[in-house]
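Enquirer: Here is what each chain is made of, one letter per residue.
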Amino acid sequence: MNMVQAINSTLDMKMAADDSIILLGEDIGKDGGVFRVTDGLQGKYGQQRVIDTPLTELGIVGMAIGMAVYGLKPVPEIQFQDFIYTAMDQIINQMAKMRYRTAGKITVPLVLRTPYGGGIRGGLYHSQSGESYFVHTAGLTVVTPSNPYDAKGLLSASLDLGDPVIFLEPKKLYRFQKMEVPENDYKVEIGKARKAREGDSITIITYGSMVPTVLSAVEKNGVDADVIDLMTLSPLDIGTISTSVKKTGRVMIVHEAPRTLGMGAEISAMISERMIEYLYAPILRVTGPDTPFPYRLEDHYLPDEKRIMDAVDKLLKFR
Amino acid sequence: MGKKEVEKMTEVINEQVEKEKHIRGFGAMILSRTLDKKIITAQRQGRVGFYTPTMGQEAAQIGLSMALSKDDLLYEYYRDVPMMLHRGVPLEIVLNQVFGNRDDLAKGRQMPSHLVARDYNFMSVPSPVATNLPLAVGTAFAKVYRHEPGIVVASFGDGSSSTPDFHSAMNMAAVFNLPVLFFCENNGLAISLPVEKQTKTEIWKKAEAYGMAGFKADGNNMVEMYRVAQQAVDHVRSGKGPALLEARCFRMGPHSTSDDPSKYESDIVQDGSDRDPIVVTQNALKAMGLINDQLVDKVKNESIRIVNEKFDQQEKVPPPDPETMFQDVYGNETWIIKEERGEIL
Chain A
1 MNMVQAINST LDMKMAADDS IILLGEDIGK DGGVFRVTDG LQGKYGQQRV
51 IDTPLTELGI VGMAIGMAVY GLKPVPEIQF QDFIYTAMDQ IINQMAKMRY
101 RTAGKITVPL VLRTPYGGGI RGGLYHSQSG ESYFVHTAGL TVVTPSNPYD
151 AKGLLSASLD LGDPVIFLEP KKLYRFQKME VPENDYKVEI GKARKAREGD
201 SITIITYGSM VPTVLSAVEK NGVDADVIDL MTLSPLDIGT ISTSVKKTGR
251 VMIVHEAPRT LGMGAEISAM ISERMIEYLY APILRVTGPD TPFPYRLEDH
301 YLPDEKRIMD AVDKLLKFR
Chain B
320 MGKKEVEKMT EVINEQVEKE KHIRGFGAMI LSRTLDKKII TAQRQGRVGF
370 YTPTMGQEAA QIGLSMALSK DDLLYEYYRD VPMMLHRGVP LEIVLNQVFG
420 NRDDLAKGRQ MPSHLVARDY NFMSVPSPVA TNLPLAVGTA FAKVYRHEPG
470 IVVASFGDGS SSTPDFHSAM NMAAVFNLPV LFFCENNGLA ISLPVEKQTK
520 TEIWKKAEAY GMAGFKADGN NMVEMYRVAQ QAVDHVRSGK GPALLEARCF
570 RMGPHSTSDD PSKYESDIVQ DGSDRDPIVV TQNALKAMGL INDQLVDKVK
620 NESIRIVNEK FDQQEKVPPP DPETMFQDVY GNETWIIKEE RGEIL
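Those protein sequence lines, which keep their order, are chains A and B. Residues 1 to 319 (the working numbering) are what the first sequence spells out, left to right. Residues 320 to 664 (the working numbering) are what the second sequence spells out, left to right.
Derived by calculation from the structure, the hints in this document are not laboratory data. All values reported here derive from a predicted model rather than from experimental measurement.
Simulated restraints, written as ranges between beta carbons of each label pair:
(1) 71(A) <-> 620(B): 42 to 48 Å
(2) 123(A) <-> 421(B): 49 to 55 Å
(3) 645(B) <-> 175(A): 41 to 47 Å
(4) 363(B) <-> 294(A): 57 to 63 Å
(5) 549(B) <-> 55(A): 32 to 38 Å
(6) 30(A) <-> 446(B): 34 to 40 Å
Quick list of in silico lysine-lysine cross-link-like pairs, DSSO-like style, CA-CA up to 27 Å:
(7) 246(A) <-> 657(B)
(8) 105(A) <-> 657(B)
(9) 657(B) <-> 187(A)
(10) 306(A) <-> 317(A)
(11) 657(B) <-> 247(A)
(12) 195(A) <-> 657(B)
(13) 105(A) <-> 635(B)
(14) 105(A) <-> 389(B)
(15) 559(B) <-> 535(B)
(16) 30(A) <-> 44(A)
(17) 73(A) <-> 389(B)
(18) 657(B) <-> 192(A)
(19) 105(A) <-> 629(B)
Residues from chain B shown here face chain A by an in silico Cβ test under 10 Å; the list is partial:
(20) 424
(21) 425
(22) 433
(23) 442
(24) 462
(25) 486
(26) 488
(27) 491
All C-beta atoms in this analysis are idealised placements derived from N, C-alpha and C, irrespective of residue type, glycine included.
Bound conformation, chain A alone:
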């Protein structure tokens, strides 16, 4: 199945087992969501469990928090991550801080799902990669799968975590690949990265929509690269990163989001602080530029094979 089907079937499986799981969002009921991720679920579970809400992102998130603090396990959907900003007050000041401000007496077990990133010709307001905003906020867990198998396992783990999870779905990969996804419930551990490919000469750290782009570039060009798919952006899996960096001594980070204070900045700083003596070359970043996301020029915006290979060459040649 593809990623849309994997997420849909996971929600279905979990909802069947746990009546505290409630979905809410814009057009998620009858319409099944604009990407059809929740297709058929309202028909199966009713309007009390798959709620079509008024058009208010802050309301959706705030209402979900109010459910979560009172024993339910809501899964709010924000139609496009680009629309989430009116809810940022709720996310940063309520969702992320509730456990802390009540010393654990009130907690917020919820999974906020939202599609992010480019690849669908969405222009400025249907393409953003705002992961840094969430990663910068203490109290949030941020995950992003890059294939259907991980999407199911991460979603299942997120629903069982007991704390708020920002579940970022790379919309470019929604229907990008089909793969075998087990029918049973399984978990992909939160906080653990995955080796998408083993190699010895260079470490490429990436996540979400850039995983297939990186894999295809290094395979096509015969690069002996260790490719890490982070899957969890907060908290980062420093263990997997360290092992690889110590092995290769050459590191690059690839993401769609703008470069300044993107994930690459944090990862680069962590590596510099902990293992600079293992590095043979500076840490490079291949990212989206520090501009808004353009409509017609999307292909120029997104990191591609050429930019990835330019950086690989630079790193491998560095003496």
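Fit chain B to the known structure of chain A by using the hints.
Expert: Chain B only, in chain A's frame:
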């Protein structure tokens, strides 16, 4: 006893219950005022860091609280100490929070006036105003979904009526027909901005536009406030959907201890003056024959004694262990926080 006699006895008992309710409410007003004055004075003496006084809003809050039951849940805001005391939150809990000491239920993490009292059905206070309102809608949904009794109350000030959270929450509560009572404590000022400059309409009238019932009450008189609050609560409890209750009251002092109201307000209601809700309520209860001067004096003296005693007692509690700063961010501590704790402590 015949049927008539039973009815008569029930009436007498009900009357007695109502009498006691009023006396208890008034007692909580006095206790709250005493505590407020104590904390404000202590703040000036440097014994307390900060406070948002509640003086002037006692009758509004307690009048509503009298109409609530123990199953009802409250999303309070930072000026709701009187209501908390009335619902049985012990002075120690309030004072520990004000001192931010080791025994504070939230480990001294928030500024004073931001209380946690989950065991008393209070859902805790964030500083950004009105952000609790959408949560109240979600919690009301959860209560209905679980077939639990009780309504959800979300309180806020007049300034909050301008926020998107107010709009979203009012709209959603009405669309989903949920048992939420939106309780606006209109004290006429949002820090320095008078309510006339906050909004062009009377706040309770906004209810109609959202498709819910609106109520306006004299929040300066506990007896009158209770009467109207009971109507609003009954409406929400009956399943007719949410309601907006606006209580007109005063802020008899600064927004917070860091604020100087003389810069923007020339007509601050004075403690003990004719417009002071304690004086108004006291006169009403006297006219009803429920209290007399002797009783009032007794309650005032006892309040002072208790507040002083508890204040001195809780002031001695040491601050929280620095270690606690790193707790409760996540259910499972992350390696990052663990490492940072090691670096700092």
